[in-house]
Amino acid sequence: MNHGFETLAIHAGQDPEARTGAVIPPIYQTSTYAQDAVGAPRLGYEYSRSGNPTRDALQECLAALEGGPVGLAFASGLAAEDTLLRTVCAPGDHVVIPDDAYGGTYRLFAKVAERWGLAYTPAKVSDPDAVRAAIRPGVTKVVWVETPTNPLLGIADIATLAAVAHDAGALLVVDNTFASPYLQQPIALGADVVVHSTTKYIGGHSDVVGGALVAADAALGEQLRYHQNAMGAVNGPFDAWLTLRGIKTLGVRMDRHCDNAERIAAYLDGHAKVGQVLYPGLPSHPGHEVAAKQMRRFGGMISFRAAGGEDHAVEICNRAKLFVLAESLGGVESLIEHPGRMTHASAAGSPLEVPGDLVRLSVGIETVEDLLADLEQALG
0 MNHGFETLAI HAGQDPEART GAVIPPIYQT STYAQDAVGA PRLGYEYSRS GNPTRDALQE
60 CLAALEGGPV GLAFASGLAA EDTLLRTVCA PGDHVVIPDD AYGGTYRLFA KVAERWGLAY
120 TPAKVSDPDA VRAAIRPGVT KVVWVETPTN PLLGIADIAT LAAVAHDAGA LLVVDNTFAS
180 PYLQQPIALG ADVVVHSTTK YIGGHSDVVG GALVAADAAL GEQLRYHQNA MGAVNGPFDA
240 WLTLRGIKTL GVRMDRHCDN AERIAAYLDG HAKVGQVLYP GLPSHPGHEV AAKQMRRFGG
300 MISFRAAGGE DHAVEICNRA KLFVLAESLG GVESLIEHPG RMTHASAAGS PLEVPGDLVR
360 LSVGIETVED LLADLEQALG
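Numbering (numbering that gives the first Met the number 0), first residue to last: 0 to 379.
Accuracy of the hints is not assured; some may be wrong.
Stated by the list, open to error - Cβ-Cβ distance ranges computed for the label pairs, FRET-style:
| hint | residue 1 | residue 2 | range |
| --- | --- | --- | --- |
| 1 | 340 | 135 | 13 to 23 Å |
| 2 | 204 | 375 | 45 to 55 Å |
| 3 | 324 | 39 | 48 to 58 Å |
| 4 | 228 | 114 | 19 to 29 Å |
| 5 | 217 | 270 | 48 to 58 Å |
| 6 | 230 | 165 | 38 to 48 Å |
| 7 | 17 | 375 | 46 to 56 Å |
| 8 | 166 | 18 | 21 to 31 Å |
| 9 | 283 | 379 | 21 to 31 Å |
To be verified - Computed cross-link-like contacts, DSSO-like style, restricted to lysine-lysine with a CA-CA straight-line distance of at most 30 Å:
| hint | residue 1 | residue 2 |
| --- | --- | --- |
| 10 | 320 | 272 |
| 11 | 247 | 292 |
| 12 | 123 | 110 |
| 13 | 247 | 123 |
| 14 | 123 | 272 |
Derived by calculation from the structure, the hints in this document are not laboratory data.
Note that beta-carbon positions come from the ideal geometry of N, C-alpha and C, so glycine has one too.
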């Protein structure tokens with residue numbers, strides 16, 4: 000039977016526990032497991048880096064939500080990214096990355112993977128011709144996409160870029176963190192691997208750090224699973240349990256995030272002290288039609304450029320009260336930040352440097368009138 004998203008979020012990988020009937024999967028807080036005989040581990044469990052029942056429940060649920068055969072959970076989003084790159088790439092290979100991307104992803108490519116011998120080229124992922132031009136035939140192994148991008152909220156056409164990547168013999172990797180699997184399912188559009196920082200919308204409560212990979216191909220998924228164990232950047236069982244708990248309300252939370260973000264984007268779009276609003280739900284957004292085609296709704300992230308320049312942007316961040324001045328995103332509480340000095344400081348001086356007048360909002364699920372009032376006073 001094909002179940003709906005909300006049903007999968009609550010039940011996939013989460014059958015009542017066999018011995019007691021506990022409705023919620025237990026936290027298997029153990030490092031090792033008694034074996035029935037030499038070479039005969041019970042249910043295949045030997046050591047919790049290699050396998051843990053709580054993490055397995057999370058991984059099964061993640062795979063179900065993204066529509067792939069294999070899901071894997073990690074200690075952080077960057078741990079997932081690093082494992083993926085070292086699984087599918089080797090020194091001398093090349094990756095196309097977004098010219099607007101999370102600062103930590105850029106740092107991983109520019110400061111870590113490049114020293115390992117992995118070359119990269121930034122390209123505008125909203126422009127398939129730019130991505131095609133950045134590919135090095137026979138050398139490019141991955142086209143790496145965020146959509147929406149962080150922090151400028153650019154939109155990439157996943158189906159089109161899947162064709163571009165596959166024509167070049169490359170994999171299409173989609174970081175789906177900003178959208179969440181509730182709003183967008185890249186594998187159904189042709190992506191080979193989906194990446195998440197589960198810290199964000201999937202966990203949803205700003206209380207746990209984690210990452211995930213979901214593979215469209217079972218064989219690739221098993222290669223990733225091998226490297227997950229060999230490299231060891233797994234999350235602990237309590238972290239897996241917290242993430243699984245957050246997933247249960249993902250659908251209802253995302254609907255409220257979207258409701259609030261749409262109201263706030265419309266308010267900012269007409270404000271005299273805002274130069275430009277970047278939100279794919281606005282008809283004026285250049286990626287609006289593509290986003291409407293491949294997303295259920297437009298998400299809870301908004302960026303805008305302060306009309307008074309960088310100093311004004313910093314003042315807005317500092318004056319906000321209900322919007323908490325903090326890095327990260329995707330929790331139930333609203334956050335505000337200055338990307339150029341916070342999450343994207345590592346991209347300063349690079350092709351991924353963000354405008355100094357940019358403010359990024361992670362719109363939470365509070366009463367929207369309270370959020371609007373806070374922005375009104377913060378804008379000055």
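A quick look at each hint next to the structure:
Look at residue 340 against residue 135: about 34 Å separates their beta carbons, and that is not inside 13 to 23 Å. Between residue 204 and residue 375 the beta carbon distance is about 27 Å. The supplied range of 45 to 55 Å is therefore violated. For residue 324 and residue 39, the hinted distance range of 48 to 58 Å is satisfied, since their beta carbons lie about 55 Å from each other. Range check, residue 228 to residue 114: about 24 Å between beta-carbon atoms, so the 19 to 29 Å window is met.
Distance hint check: the CB atoms of residue 217 and residue 270 are about 50 Å apart, consistent with the given range 48 to 58 Å. At roughly 27 Å, the beta carbons of residue 230 and residue 165 sit outside the given window of 38 to 48 Å. Evaluation of the 46 to 56 Å hint for residue 17 and residue 375 yields a pass: the beta carbon distance comes to about 55 Å. Our hint of 21 to 31 Å for residue 166 and residue 18 is violated, since their Cβ atoms are close to 52 Å apart.
Residue 283 and residue 379 have their C-beta atoms about 24 Å apart, which keeps the hinted 21 to 31 Å range intact. Between residue 320 and residue 272 the alpha-carbon distance is near 18 Å, which keeps this suggested pair within the 30 Å criterion. Taking the CA atoms of residue 247 and residue 292, the gap is about 26 Å. The hint holds against a cut of 30 Å. With a C-alpha separation of about 21 Å, the suggested pair residue 123 and residue 110 falls inside the 30 Å cut-off, and the hint holds.
This hinted pair does not check out: residue 247 and residue 123 have alpha carbons roughly 35 Å apart, beyond 30 Å. About 28 Å separates the Cα atoms of residue 123 and residue 272, which keeps this hinted pair within 30 Å; it holds.
Checked against the numbered hints listed earlier, the structure breaks hints 1, 2, 6, 8, 13; every other hint is satisfied.
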